[in-house]
Structure formats: C-alpha cells, structure tokens
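With the hints as extra help, turn the sequences into a complete structure.
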Amino acid sequence: MGKVFNVTGDCKPDLHYMVDISEKLKQIKEMVDDGKYFTINRARQYGKTTTLAALEKFLVHEYCVVSLDFQMLGYASFETEQIFSEAFANELLECAEILPEEIRIRLEGFIADDSKKCTLQNLFQILSKWCRISQKPIVLMIDEVDSAANNQVFLDFLAQLRGYYMKRDKIPAFQSVILAGVYDVKNIKGKIRPDDEHKMNSPWNIAADFDVVMSFSEVEIAGMLREYEADNRTGMDVDEIAGLIYDYTGGYPYLVSRICKLLDEKIAGSREFPDKKSAWTMQGGLEAVRVLLSEKNTLFESLIGKLKDYPSLQKVIYDVLFGGMRIVYNPDDSAIDVATMFGFVKNDAGTLRIANKIFETRLYNYFLTALYTANNKWNRELLY
1 MGKVFNVTGD CKPDLHYMVD ISEKLKQIKE MVDDGKYFTI NRARQYGKTT TLAALEKFLV
61 HEYCVVSLDF QMLGYASFET EQIFSEAFAN ELLECAEILP EEIRIRLEGF IADDSKKCTL
121 QNLFQILSKW CRISQKPIVL MIDEVDSAAN NQVFLDFLAQ LRGYYMKRDK IPAFQSVILA
181 GVYDVKNIKG KIRPDDEHKM NSPWNIAADF DVVMSFSEVE IAGMLREYEA DNRTGMDVDE
241 IAGLIYDYTG GYPYLVSRIC KLLDEKIAGS REFPDKKSAW TMQGGLEAVR VLLSEKNTLF
301 ESLIGKLKDY PSLQKVIYDV LFGGMRIVYN PDDSAIDVAT MFGFVKNDAG TLRIANKIFE
361 TRLYNYFLTA LYTANNKWNR ELLY
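Residues in the sequence shown are numbered consecutively from 1, following the numbering used here.
Keep in mind that the hints are not guaranteed to be accurate.
BS3-like mimics (lysine-lysine), calculated; alpha carbons at most 30 angstroms apart, straight line [unchecked claim]: (1) K36 to K24; (2) K29 to K57; (3) K261 to K26; (4) K136 to K117; (5) K12 to K315; (6) K136 to K24; (7) K261 to K3; (8) K36 to K12; (9) K277 to K3; (10) K170 to K129; (11) K26 to K3; (12) K346 to K315; (13) K266 to K296; (14) K266 to K357; (15) K117 to K24; (16) K357 to K276; (17) K296 to K276; (18) K346 to K24; (19) K29 to K117; (20) K170 to K117; (21) K36 to K170; (22) K261 to K57; (23) K308 to K276.
It is worth saying that the hints were derived from the structure and are not from the lab.
And the structure:
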C-alpha cells in the first residue's frame, strides 16, 4: 500500500504525504541550542504532535531527548503532588533506552518510597543528577500540556522548572524545555487562580517567544503535491492546485491535508470526476472545498464548541463577520487573545481578520443559521 494523506494523529514520513518541515525544525533547534525554554501554542490539529515527533529525531544525535505526553498521565495524576510525581517518574522509566542505570535505580526507589519523600523537590533533585551525569545535554518535550489545565500541581511543576532554569549556572538543569498545547500557560493559570489574584504572574514567565511559522506556505504545499504527483502522475498543475489550497486554507495544516485527502479518496472516482486526472484540477479542488465545508469533522466541532464555551469570543467573531467595521488587532483584549489562540483570527497588518476562507465561510454559515433558527422560533411563538 502506498502513501496516503493523513488527518488523524501525527504524520509519519513512511506512511503519509507530508510537507517538508525541515526548515521549521532547524529554527526550533536554534532555540534549543541557545538553551531556550518555550511553549508551542497552536490551535487544534495544527501539526504540534507531528512537529515534536520529527524534532525528536532531528535532535537525537546531539541531545538526549525526553519526550512525554501528559495525556498518558491521565487527569487523576494531577490530584496531588505525590500522585503527579510518581506518575511522572513512571513515565520517565518508560524511556529505558536513554536512562542511565543510576537514574533508573533512583527513580524506582523514589516511587517505592513513602509519601513524605515522594515530592516534586526530590523528583527534581533526581532530574538534576541526570543532567549532571548525562553524556549529552537533555531536552525535555511535553505534549498535550492542556491535560494539566485547572491543576495547581502543574503550576508547582512549572515553578520547579523555572527555579532550576534561573539557577542553571550553579545547578545542572535541562538544556531546553518545550511544552506543546493549545492554551498558553498564562491562560491555564488564569483558569486556576481566583479572580482577585493576578493572572499574569506565571511561573512560566521565563519562556522565550516562539515565532516559528507553523502554517504551510504555498511553496511547501507544492512540494508535498510534487511527491504525490511523482507517485500518481495525474498531470495536475502543481503550482495552480497548491495556490488554490493555500488561498482557501491559509496553510492551516489540517485543512490542507483534508482537501488533499478528499481529492485523492472522494472526489476522484465520483460521477463528475471519474479519475484522479480529472479530480486534481481547479474544478476538482473547488468541489473538495465544497465537500469540506459541508462535512462534520473534529476541527469544525471544536471550532463551534469554542464559540459556545466563550461568549466573548462569539461576539468578536460575529463583529468581524457582520460588523462592517475595521477592528484593530489588540492582543491585550482577552476575547481577541482567545480567538487568536484557538486559530479563529489572525493579525493582518494590525487589523483583525478571520484566519482563512474555510473558517470564514463555515462561521458565516453558522451565524446565519443561528439567526434563521432564532427568527423562526420567534415567528412560531407569534402564531400560537
């Protein structure tokens, strides 16, 4: 079986058609080389997990890479400091191939010890010892940090990371720490702290800015299509199709892959487009966009779900679509900040814009339907 376009889980180069992200990995490695601690905050299905998997392989020759997923710990692991510390230590023991024997023994003893000693402080003493004896600098990567939302234990964990970062000229510490998730740590802290406390005094205020562009450019999309074309020989105009896909998606990774998958597996072989040659055309691409806009998928469900969870977000999106006025991009506005974090909007030369045409059309249809339903309900009440 040949390669396919993938929209579920992380992409694997041997199985899936992928955009070449080597330049993005080089930029991230520069941050690691500089000893930066940072967070990769991007919207759902934006390629974070795929990037971390590729980054691990990219760094492994120069660094000892510890790659964890907080979803694997489970929500209950964040109930107390002891439970979290034990769960974290157990995850580290799963990295048997990179653990020195001395550290493995210490971690096993740590887990078997009584509750008074099973603390974050003692856990970090073991981690610091590992950093001291490791032949390579250690990079810690944690995916799905959103799983830690609303847990004070996670903030205490971040505080320990921050403490060792601040003293790393005296105490051995990780070379770099990379957290990945949708929410940035300030937003997570805002959900934990009482309203009367300051929300911005995050223990993750040591984090460097992450400015690597995670969306796909038109050129990068074209590179992926050329690989597909070499295998399938559809005769497509690669640059034209890449331009169409980029124009509608803005390079949003999931949307790019979804349109390609629809073209390859659903549009091709349909009555109007009987083969791949007829499908991989401008007309076929537009049909794939139409199908995408009419389907239910996890990204759109998340998109609409966030509107219901955040009323202020819904108002911002509505004003952008229907307000008929220029809205200045202001990251200090909490609603705009949340809209940006979830990938709804972008900063277009200082003006707030919907992130791409696919989102714009889907959201526009959502609000029109909501207005229609509300008006119909009102009219029905008048009749009775």
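>> Can you confirm whether the C-alpha distance between K277 and K3 stays at or below 30 angstroms?
In response: holds, 18 angstroms
> If you draw a straight line from the CA of K261 to the CA of K57, is it 30 angstroms or shorter?
Replying inline: Distance of about 26 angstroms is within 30 angstroms: holds.
>> Hint check: K117 vs K24, CA-CA at most 30 angstroms. Holds or violated?
In response: violated, 42 angstroms
>> Between the alpha carbons of K36 and K12, is the straight-line distance 30 angstroms or under?
In response: holds, 27 angstroms
> Do the alpha carbons of K36 and K24 lie within 30 angstroms of each other, as the hint requires?
Replying inline: It holds: about 16 angstroms lies between the C-alpha atoms, which stays within 30 angstroms.
> Under the criterion that the straight-line Cα-Cα distance not exceed 30 angstroms, is the pair K346, K24 satisfied?
Replying inline: holds, 20 angstroms
>> Tell me if the straight-line CA distance from K36 to K170 falls inside 30 angstroms.
In response: holds, 17 angstroms
>> Need the status of pair K29, K117: alpha-carbon distance at most 30 angstroms?
In response: Between K29 and K117 the Cα gap is close to 36 angstroms, so the pair fails against 30 angstroms, i.e. violated.
>> Between the alpha carbons of K296 and K276, is the straight-line distance 30 angstroms or under?
In response: Measuring from Cα to Cα gives roughly 24 angstroms; hence the hint holds.
> Taking 30 angstroms as the top limit, are the C-alpha atoms of K136 and K117 close enough?
Replying inline: Within the cut-off at roughly 28 angstroms; holds.
> Is the hinted pair K346 and K315 satisfied, with a Cα-Cα distance of at most 30 angstroms?
Replying inline: Within the cut-off at roughly 16 angstroms; holds.
> When you check the alpha-carbon spacing of K261 and K26, does it fall within 30 angstroms?
Replying inline: Distance of about 28 angstroms is within 30 angstroms: holds.
In terms of the numbered hints stated before, the structure departs from hints 5, 15, 19 and 23, listed from lowest to highest.
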